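Now for the letters of each chain:
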Amino acid sequence: EAQVTQNPRYLITVTGKKLTVTCSQNMNHEYMSWYRQDPGLGLRQIYYSMNVEVTDKGDVPEGYKVSRKEKRNFPLILESPSPNQTSLYFCASSPLGAGLHTEAFFGQGTRLTVV
Amino acid sequence: AQTVTQSQPEMSVQEAETVTLSCTYDTSESDYYLFWYKQPPSRQMILVIRQEAYKQQNATENRFSVNFQKAAKSFSLKISDSQLGDAAMYFCAYRSSYNNNDMRFGAGTRLTVKP
Numbered sequence: 011e012a013q014v015t016q017n018p019r020y021l022i023t024v025t026g027k028k029l030t031v032t033c034s035q036n037m038n039h040e041y042m043s044w045y046r047q048d049p050g051l052g053l054r055q056i057y058y059s060m061n062v063e064v065t066d067k068g069d070v071p072e073g074y075k076v077s078r079k080e081k082r083n084f085p086l087i088l089e090s091p092s093p094n095q096t097s098l099y100f101c102a103s104s105p106l107g108a109g110l111h112t113e114a115f116f117g118q119g120t121r122l123t124v125v
Numbered sequence: 031a032q033t034v035t036q037s038q039p040e041m042s043v044q045e046a047e048t049v050t051l052s053c054t055y056d057t058s059e060s061d062y063y064l065f066w067y068k069q070p071p072s073r074q075m076i077l078v079i080r081q082e083a084y085k086q087q088n089a090t091e092n093r094f095s096v097n098f099q100k101a102a103k104s105f106s107l108k109i110s111d112s113q114l115g116d117a118a119m120y121f122c123a124y125r126s127s128y129n130n131n132d133m134r135f136g137a138g139t140r141l142t143v144k145p
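In order, the protein sequences belong to chains A and B.
Here this note's numbering is used: the first sequence runs in plain steps of one and ends on residue 125.
Here this note's numbering is used: the second sequence runs in plain steps of one and ends on residue 145.
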């Protein structure tokens, strides 16, 4: 089954404690991205990657890191989480080139609370 | 950068009636893709319908159809014969063909369906 797998689905952590949210896709997609969803703001892009070892900042990258060492994986790292990073996070993947018309496939979401 | 605006934070419809959700976008590009996503309480992002900008014909998927007005940069979603299962948050999204295939989302419209 084609899917994007995100873990964990729920996470409560304390300020300053490093954490990683994992994301993996099995569709051989080139493009992967991370979004955060906040009420009244919709989904805003944090980082994206157009292929292995190619990553770039989205609209709200501060406080986040990513890596793309393998095509299927795109983890999101919060080195020192703060309460303003409390949010719902989504990983998404999609093809590039001729596949632009296709949808982005989303993970199940990670509800992160930083206290 | 492209922006997507959903001017209706909340909408309500009676079961079996028709409702239209509005979406406008701002772009200088001529080739792009538009999507409507549904997010039920499960948080999963589900593609409802897509539209390629170069196609003049409005997309339809069963009870869902769009009114795509390229000159006006408008992309509204019409839901006919509304069902209780249609209750969800709906997001309009724009995907660029040029700008790193950037995908932009509106703030969302929460749709309530009354029995």
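Treat the hints as calculated values from the structure; they're not laboratory data.
Predicted model only: the values in this text are computed from it and were never measured.
Please note that a few of the clues may not be correct.
Partial chain B-side listing against chain A, Cβ under 7 angstroms, derived [said to hold, decoys possible]:
1. Met41
2. Val43
3. Met75
4. Ala83
5. Lys85
6. Phe135
7. Gly136
8. Gly138
For glycine and all other residues, C-beta sits at the position ideal for the given N, C-alpha and C.
We went through each hint and held it up to the structure:
no., hint, verdict
1, Met41, "violated (15 angstroms)"
2, Val43, "violated (21 angstroms)"
3, Met75, "holds (4 angstroms)"
4, Ala83, "violated (10 angstroms)"
5, Lys85, "violated (10 angstroms)"
6, Phe135, "holds (4 angstroms)"
7, Gly136, "holds (5 angstroms)"
8, Gly138, "holds (5 angstroms)"
Hint check: violations occur at hints 1, 2, 4 and 5; the rest are consistent with the structure.
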